[in-house]
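Chemist: For reference, the chains in residue letters:
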Amino acid sequence: MNIIIVGGGLAGTLAAKALRELDPDVGIEIFGEEKQPYYPRPNLIEFLAGRLPAEKVFAFTEGWAAKQRIGLRLGETVVRVRPADRTVETAAGESRPYDVLLLATGARASLPPVPGTERKGVFVLRTLDDAIALADHLRDHRRTVILGGGLLGLEIARAVRTHGAEVRVVEFFDRLLPRQLDPAAAAILKGQFEKMGVSVVLGAVTQEIFGDGSVRGLRLESGAAFEADAVVVAAGIKPETSLAREAGLAVAKGIVVDDRMRTSDPAVFAAGDAAEHRGRVYGIIPAAFEQARAAARNMLGQDLAYAGTVPANTLKVAGLAVTSIGEFGAEGPGFESIVRAEPEQGLYKKIVLQEGRAVGAIWMGTSKGAADISRLVTFKKDVGSRKRDILEDAFDFSEIS
Amino acid sequence: MDKYECTACGYVYDPAVGDPDNGVPPGTKFEDLPDGWVCPQCGVGKELFSKLD
Numbered sequence: 001m002n003i004i005i006v007g008g009g010l011a012g013t014l015a016a017k018a019l020r021e022l023d024p025d026v027g028i029e030i031f032g033e034e035k036q037p038y039y040p041r042p043n044l045i046e047f048l049a050g051r052l053p054a055e056k057v058f059a060f061t062e063g064w065a066a067k068q069r070i071g072l073r074l075g076e077t078v079v080r081v082r083p084a085d086r087t088v089e090t091a092a093g094e095s096r097p098y099d100v101l102l103l104a105t106g107a108r109a110s111l112p113p114v115p116g117t118e119r120k121g122v123f124v125l126r127t128l129d130d131a132i133a134l135a136d137h138l139r140d141h142r143r144t145v146i147l148g149g150g151l152l153g154l155e156i157a158r159a160v161r162t163h164g165a166e167v168r169v170v171e172f173f174d175r176l177l178p179r180q181l182d183p184a185a186a187a188i189l190k191g192q193f194e195k196m197g198v199s200v201v202l203g204a205v206t207q208e209i210f211g212d213g214s215v216r217g218l219r220l221e222s223g224a225a226f227e228a229d230a231v232v233v234a235a236g237i238k239p240e241t242s243l244a245r246e247a248g249l250a251v252a253k254g255i256v257v258d259d260r261m262r263t264s265d266p267a268v269f270a271a272g273d274a275a276e277h278r279g280r281v282y283g284i285i286p287a288a289f290e291q292a293r294a295a296a297r298n299m300l301g302q303d304l305a306y307a308g309t310v311p312a313n314t315l316k317v318a319g320l321a322v323t324s325i326g327e328f329g330a331e332g333p334g335f336e337s338i339v340r341a342e343p344e345q346g347l348y349k350k351i352v353l354q355e356g357r358a359v360g361a362i363w364m365g366t367s368k369g370a371a372d373i374s375r376l377v378t379f380k381k382d383v384g385s386r387k388r389d390i391l392e393d394a395f396d397f398s399e400i401s
Numbered sequence: 001m002d003k004y005e006c007t008a009c010g011y012v013y014d015p016a017v018g019d020p021d022n023g024v025p026p027g028t029k030f031e032d033l034p035d036g037w038v039c040p041q042c043g044v045g046k047e048l049f050s051k052l053d
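In the order they appear, the protein sequences are chains Y and F.
Every letter in the first sequence is one number past the one before it in the numbering used here, and letter 348, counting from 1, is 348.
Every letter in the second sequence is one number past the one before it in the numbering used here, and letter 36, counting from 1, is 36.
Looking at chain Y on its own, in the form it has when it is part of the complex (with noise of 0.2 Å):
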């Protein structure tokens, strides 16, 4: 039997490496839009900020494919799926024949309907290419303005001013990462970037990036303009579903798939970023991973369902844990917050209770006790009596069963 899978990320790769575990004997050949081999995409930040080499970004040891006997075809970009006579055809007119298809062809960086993003000077950041870009690029110009709030804009704002770089983060929405933190949080989170020397501009409507032939500087809707030699775009991203769809595949926000990770047609599969399982396209690395191995084993034949990937709620951001879980953000009748705050050490928490029961929590700033309070909030646990207590450091969560 004859595996091709087309995309050599997280997904691809980890398919590709679990499709081995299963079966010493099918064959199996990655197509790599790319020509490096898989690196975990956390690693481009530690690149970015200086802490990693580039040539230390990658998760396997050269060799380590031709070793498992999968065979690696890096900067072949497969241009067409033709699964009624199940081949594909690379860039170069090559047609290779499979039994089973994987689709992994990830996602794109999202570029937002803004003026201007096609002057020099405007980065993305979704591959190790835009990231070694970036790097040089900021090596003689130093004014950056990061376009968007969110994680990635976040990390990639922290990375480029450990080098001393002027930063700013312009971000549409009224405060920082609105999905997991509320008001009183983001406002403290804003206040440790504003101490690393990186300034942050919320409710920001972009209205072009402005220059001649290079990037000179952001102007907003509201008159306000910052001048820059560097805007990098961190607007989240796209499924890359352009093959799928021009193949004849089911396709919505992402490849559709069932719970094998089958698309439309029974002899291709999808996982990562790119596929799109019961109405969501997730984009984390968890949810790539869980699907990829799911998919490896429904290639072979062997039935395994995915019910779909739970997010974490905690999460890393510029060092500083943040964990969020239920209804962190319910006010009104019948609910109560408890809240303990510390801007200076960028130390926030919070419980919501409905009728003495914890139903929401923020935890920034410290991962003790972290899991113990997404523990009591997903068995919502009667804390009434010690919901003070539960804030202090020194509490000792075994006291609530």
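Keep in mind that the hints were calculated from the coordinates and are not lab data.
A portion of the hints provided could be inaccurate.
Below, a sample of chain Y positions facing chain F; criterion: calculated Cβ distance under 7 Å [as the list claims (entries may be wrong)]:
#: 1; residue: Ile285
#: 2; residue: Lys316
#: 3; residue: Gly384
Derived Cβ-Cβ restraints for the label pairs, each shown as a range [what the hints assert, rightly or not]:
#: 4; chain 1: F; residue 1: Ser50; chain 2: Y; residue 2: Val201; range: 42 to 48 Å
#: 5; chain 1: F; residue 1: Glu31; chain 2: Y; residue 2: Glu246; range: 39 to 45 Å
#: 6; chain 1: F; residue 1: Glu31; chain 2: Y; residue 2: Pro113; range: 45 to 51 Å
#: 7; chain 1: F; residue 1: Ser50; chain 2: Y; residue 2: Arg340; range: 18 to 24 Å
#: 8; chain 1: F; residue 1: Ala16; chain 2: Y; residue 2: Asp85; range: 48 to 54 Å
The beta carbon of each residue, even a glycine, is placed where N, CA and C say it ideally should be.
Starting from the known structure of chain Y, arrange chain F on it as the hints suggest.
Modeler: Frame of chain Y; chain F shown alone:
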């Protein structure tokens, strides 16, 4: 000994188990892992791990 979780992919490093596939014997503390050690699941470095409590 403390366990550490990879914030990128969710892999948990358990010192009692170590990472024998990559030459780390059981009983190795997270702090004692070599500098070049990476998450055996997704390949990110130690700095992206956080302590589980």
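Chemist: Which constraints among the numbered hints does this structure fail? Numbers only, ascending.
Modeler: Hints 3, 4, 5 are the ones this structure does not satisfy, whereas the remaining hints hold.
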